[in-house]
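Enquirer: Just so you know, the protein sequences line up as chains A and B, in that order. Residues 1 to 316 in our numbering are what the first sequence lists, from first letter to last. Residues 1001 to 1444 in our numbering are what the second sequence lists, from first letter to last.
Keep in mind the hints are simulated off the structure, nothing from the lab. Check before you lean on any hint, since a few could be wrong.
[Claimed, not checked] Straight line, CA to CA, 27 angstroms or less: simulated DSSO-like cross-link-like pairs of lysine-lysine: (1) Lys70/A / Lys1253/B; (2) Lys234/A / Lys272/A; (3) Lys1253/B / Lys1430/B; (4) Lys208/A / Lys240/A; (5) Lys1019/B / Lys89/A; (6) Lys209/A / Lys18/A; (7) Lys209/A / Lys286/A; (8) Lys208/A / Lys18/A; (9) Lys89/A / Lys1003/B; (10) Lys286/A / Lys234/A; (11) Lys240/A / Lys209/A; (12) Lys1253/B / Lys1003/B; (13) Lys304/A / Lys209/A; (14) Lys304/A / Lys18/A; (15) Lys1253/B / Lys134/A; (16) Lys234/A / Lys304/A; (17) Lys208/A / Lys286/A; (18) Lys209/A / Lys70/A; (19) Lys1430/B / Lys18/A; (20) Lys18/A / Lys1253/B; (21) Lys234/A / Lys208/A; (22) Lys87/A / Lys70/A; (23) Lys1175/B / Lys1253/B; (24) Lys304/A / Lys208/A; (25) Lys1253/B / Lys1019/B; (26) Lys87/A / Lys1175/B; (27) Lys134/A / Lys87/A; (28) Lys1123/B / Lys87/A; (29) Lys240/A / Lys286/A; (30) Lys272/A / Lys286/A; (31) Lys89/A / Lys1175/B; (32) Lys134/A / Lys89/A; (33) Lys70/A / Lys1019/B; (34) Lys1253/B / Lys89/A; (35) Lys110/A / Lys1003/B; (36) Lys240/A / Lys70/A.
[Stated by the list, open to error] These stretches of chain A come out as covered by chain B in the derived footprint (C-beta under 8 angstroms, 3 or more residues): (37) 46-56; (38) 189-198; (39) 304-310.
These numbers come from a predicted model, not from an experiment. Ideal Cβ positions, reconstructed from N, Cα and C, are used throughout, including at glycine.
Residues per chain, in single letters:
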Amino acid sequence: MTAAIEIRNVSKSFGDTKAVIDLDLEVPTGSLCGFLGPNGAGKSTTIRMLMSIIHADSGSVQVLGTSALKAKDRIGYLPEERGVYRKMKVGGFVEYIGKLKGVRSSILRKRIDEWLERVELPEIRNRRCEELSKGMQQKVQFLAAIIHEPELIILDEPFSGLDPVNARVIGGIIDELHQQGRTILFSTHVLPQAEQICNRIIMIDEGKKVLDGTVNAIQAQFDPRVISVEPVDKNCDLSKIAGTTLVENTIKSNHLLLRLDDQIDATEVLRKIVQTTPVRGIEIVKPTLDEVFIEQVARRRGTKAADQIREELSNV
Amino acid sequence: MSKTLTVAWREFRHTAMTKAFLIGAVIMPLLMMGLFIVVMPLMMEANTTPMTGTVAIIAPDDVVQEFQERLHSKENPNAELIEQLPDIVKQDPLASSMLTHSASNTTNIVLHRASITEVEQLKEDVRNGDLAALIVVPDSLLGNQTSETNDRLEVLIPSSFSPNHTDLLSSAVAKSVVDVRLSRLGYEPSEMYDMVRRPRVAATRLTHDGGEKEDNEAARRIIPMAFMMLLWIATFTSGNYLLTTTIEEKGNKVMEVLLSAVSPLQLLGGKILGQAGVSFIMLLMYGGAAIAGLITFALLDLVPISHLLYLVAYFTMAYFMIASIMAAVGSAVTELRDAQSLIGPIMIILIIPLALWPVLSEHPNGIIATVSSFTPPLIPFVMILRITASTETIAAWQIILSMVIGFGAVLGMIWGCARIFRIGVLMQGKPPSFLQLLRWIRQG
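This is chain A alone, in the form it adopts within the complex:
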């Protein structure tokens, strides 16, 4: 499979701040790739280089088999910071962006009507952008990013600010675009979101790539460090099991999650739990991307930084 995005040894600094350091990554054509990392990891800088909005200090950026600049019209881009012309009408705004991407007005007008139907906003074509709610504006911007039917779609935090219903609508369209064979790069710092949607993950931290692969492969790489228990007695106390920490806010009310401390043998802990209380079910769960990422940070920057990242992620 050829690469839709190919970045080789790319670095970018702003003054004394190194935003991207010697970055190497490939995004296969047709993949739905999550581009992950905490705030300030270098995601937006990398994306801006892909869009040739800014240029790398060193290294090469190839997009869709050519230079990023030449591929500009074949890429759809939804930036993290949303923006519309407040006084422009919705139809006019989307048409303007489409024309800048090289599509004729006559084609665009028809497409805009169809897409407004798709995102359940058929009535807003002649309304000014400033009259729309934030969620509606976000949908309009999403349309502006895909109206020229790009081969590569780069979405920076596409769900931020959307309510669950609208998020589902946009999620459905993203999935459909992926099914059509388009390559999608989905940038977010909400890792569980990427885990649900993406079939491939690239993770960066402090301007450097820390993980790259399919979700399953990444999860398989990491030693499972969490045990899920469904006790018969809901009031049983498992906090005394040595070598574990009880994780609050479990995914199901009658399940408890225990994180294993470093160097602790998982099978030994399983045996101790069963001895302590009768259980309906017990399993070692696959690590979430959050956990994988935290572990990566811990390896590279130490446990203090990992705790900080854990706190940031729990606040998302």
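Since the structure of chain A is already known, use the hints to place chain B on it.
Expert: Structure of chain B alone, referenced to chain A:
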């Protein structure tokens, strides 16, 4: 190129096709043109309505007789004033109509001689409209006027009386009094008027190229200023639009979407081209209004066609200078108030031609005018002022040199401002200092 034109069309459309612009830059000049071409001649026509009715006069016999003769004479009461005016004004139909309305105005007046005992009753008649006016000439006014007197010649008129008709009566009766004074002293008034009438002065400038040019002081001062102001209004208005739209695009975060589709240079080029259209419309509309005014007052020959061609050339130069500066500043800041601190120093430089206007128009070929006309970014403003103010043709080498330096500076400014724009459009937060902008030019 098509992307640049797409940006240009949006920029033009969303600036020029707005209510505010249509009212300020299109409808207002059209109204001014309408005022000059239609309304003012109609107003002048209305002023020539003849005065009718009865005018009561309380005055000595010889004054009444002189007044009667003056009212029914075909001589224009403003003839003396008109004689002093320049030919250019005398030939103007509108100006003439404002000054020549005596004979037809007064032919329908009936004069009624009255006595001083009837004054109160006559005043009442004036109030009621039964009398057009009441004139009272005290005997004391016919004596030697070097002595102190509080007596006045009174013209009493109804509240709705036309100001023109008031002037007409006042002028005729005052002149009649003077005529009578002269007659009583044994002089012939018409001979005396001929003696005291000032001769006409014809100032003619002899130019170095061997030509002669009639001097017109008023036009020599006002027209150059009008040309320079036209450049100012057209370029700075659209320059301001460029500044605000760029800040708006940064402020509402649409800039990144645009830059994902076009390069910063395409965006800058499109914005400058779009606003050039806006600026040109303003030049046409306000220039058109000024030309309509000149046509109405028959002063069009004060503006030769070559001056209009120079106006277009220097407008182009001025616009691209101002536009590139405004776009660069707009790209560097996120709020309008931040832009003021960066534009301030530039405005101080650009205001020099306005401040020096009296000096430049008085000495259009002086050392200050010549030096500043080769100094960017003053060139277009100073040169248009010099060309229109000078009674001598500006040396061709000076015009050519100003064009070469000016358009060279335009290219340099666009280059520098494009480099600022490239960096500035992606910057957020604290506005850069002037020195930082210079650093961006080096880095860009």
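Enquirer: Next step is simple, just say for each hint if it's right about the structure.
Expert: So, going through the hints one by one against the coordinates:
Taking the CA atoms of Lys70/A and Lys1253/B, the gap is near 24 angstroms; set against the 27 angstroms cutoff, the hint holds. Restraint check: the Cα-Cα separation between Lys234/A and Lys272/A comes to about 17 angstroms, which is no more than 27 angstroms; the hinted pair holds. A hinted pair counts as satisfied when its Cα atoms are at most 27 angstroms apart, and Lys1253/B with Lys1430/B qualifies at roughly 16 angstroms. Between Lys208/A and Lys240/A, the direct Cα distance comes to roughly 39 angstroms. Violation of the 27 angstroms bound is thereby established for this hinted pair.
Only pairs whose Cα atoms come within 27 angstroms are accepted, and Lys1019/B paired with Lys89/A is accepted, the gap being roughly 16 angstroms. The suggested pairing of Lys209/A with Lys18/A holds, with an alpha-carbon distance near 14 angstroms, which does not exceed 27 angstroms. For the proposed pair Lys209/A and Lys286/A, the alpha carbon gap of about 22 angstroms is at most 27 angstroms, so the pair holds. With a C-alpha separation of about 10 angstroms, the suggested pair Lys208/A and Lys18/A falls inside the 27 angstroms cut-off, and the hint holds.
Note on Lys89/A and Lys1003/B: the hinted pairing holds, with a Cα-Cα distance of about 20 angstroms set against a maximum of 27 angstroms. With a CA separation close to 23 angstroms, the supplied pair Lys286/A and Lys234/A stays within the 27 angstroms bound. Between Lys240/A and Lys209/A the CA atoms are separated by roughly 38 angstroms; this puts the pair beyond 27 angstroms, and the hint is violated. Of the pairs offered as hints, the one joining Lys1253/B and Lys1003/B holds, with about 20 angstroms between alpha carbons and a cut-off of 27 angstroms not exceeded.
Distance check on the hinted pair: Lys304/A and Lys209/A sit about 20 angstroms apart at the alpha-carbon level, within 27 angstroms; holds. For the given pair, Lys304/A sits about 22 angstroms from Lys18/A by alpha-carbon distance, which is consistent with the 27 angstroms threshold. With a C-alpha separation of about 14 angstroms, the suggested pairing of Lys1253/B with Lys134/A holds against the 27 angstroms cut-off. Between the alpha carbons of Lys234/A and Lys304/A the distance comes to roughly 33 angstroms, so the proposed pair goes past 27 angstroms and is violated.
Restraint check for Lys208/A and Lys286/A: the C-alpha separation of about 25 angstroms stays at or below 27 angstroms, so the hint holds. Straight-line distance between C-alpha atoms of Lys209/A and Lys70/A comes to about 26 angstroms, which keeps the hinted pair within the 27 angstroms bound. This hinted pair checks out: Lys1430/B and Lys18/A have alpha carbons roughly 20 angstroms apart, not beyond 27 angstroms. Of the pairs offered as hints, the one joining Lys18/A and Lys1253/B holds, with about 24 angstroms between alpha carbons and a cut-off of 27 angstroms not exceeded.
At most 27 angstroms may separate the alpha-carbon atoms for a hinted pair to count; Lys234/A and Lys208/A exceed this at roughly 44 angstroms. Under the criterion of a C-alpha separation no larger than 27 angstroms, the hint pairing Lys87/A with Lys70/A is inconsistent with the structure, at around 31 angstroms. About 76 angstroms separates the Cα atoms of Lys1175/B and Lys1253/B, which puts this hinted pair outside 27 angstroms; it is violated. Among the hinted pairs, Lys304/A with Lys208/A is consistent with the structure: their alpha-carbon atoms are about 19 angstroms apart, no more than 27 angstroms.
A C-alpha spacing of about 25 angstroms is found between Lys1253/B and Lys1019/B, which places the hinted pair at or below 27 angstroms, so the restraint holds. Note on Lys87/A and Lys1175/B: the hinted pairing is violated, with a Cα-Cα distance of about 67 angstroms set against a maximum of 27 angstroms. This hinted pair checks out: Lys134/A and Lys87/A have alpha carbons roughly 15 angstroms apart, not beyond 27 angstroms. At roughly 65 angstroms between alpha-carbon atoms, Lys1123/B and Lys87/A are farther apart than 27 angstroms, so this suggested pair is violated.
A threshold of 27 angstroms between alpha carbons decides the hint, and for Lys240/A with Lys286/A the separation of about 23 angstroms falls inside it, so the pair holds. The hinted pair formed by Lys272/A and Lys286/A meets the criterion: a straight-line CA distance of about 20 angstroms does not exceed 27 angstroms. Taking the CA atoms of Lys89/A and Lys1175/B, the gap is about 71 angstroms. The hint is violated against a cut of 27 angstroms. For a cut-off of 27 angstroms, the pair hint linking Lys134/A to Lys89/A stands: about 15 angstroms separates their Cα positions.
For the proposed pair Lys70/A and Lys1019/B, the alpha carbon gap of about 39 angstroms is over 27 angstroms, so the pair is violated. At roughly 17 angstroms between alpha-carbon atoms, Lys1253/B and Lys89/A fall within 27 angstroms of each other, so this suggested pair holds. For the proposed pair Lys110/A and Lys1003/B, the alpha carbon gap of about 21 angstroms is at most 27 angstroms, so the pair holds. With a C-alpha separation of about 61 angstroms, the suggested pairing of Lys240/A with Lys70/A is violated against the 27 angstroms cut-off.
Coverage of a stretch by a chain is defined here by at least three residues with a beta carbon nearer than 8 angstroms to that chain's beta carbons; for the segment 46-56 of chain A and chain B the count is 5, and the condition holds. Beta-carbon proximity to chain B at under 8 angstroms applies to 0 residues in the segment 189-198 of chain A; the threshold of 3 is not reached and the given coverage is violated. Chain B is given as covering the segment 304-310 of chain A, and this is violated because 0 residues of the stretch bring a CB closer than 8 angstroms to a CB of that chain, at least three being needed.
Checked against the numbered hints listed earlier, the structure breaks hints 4, 11, 16, 21, 22, 23, 26, 28, 31, 33, 36, 38 and 39; every other hint is satisfied.
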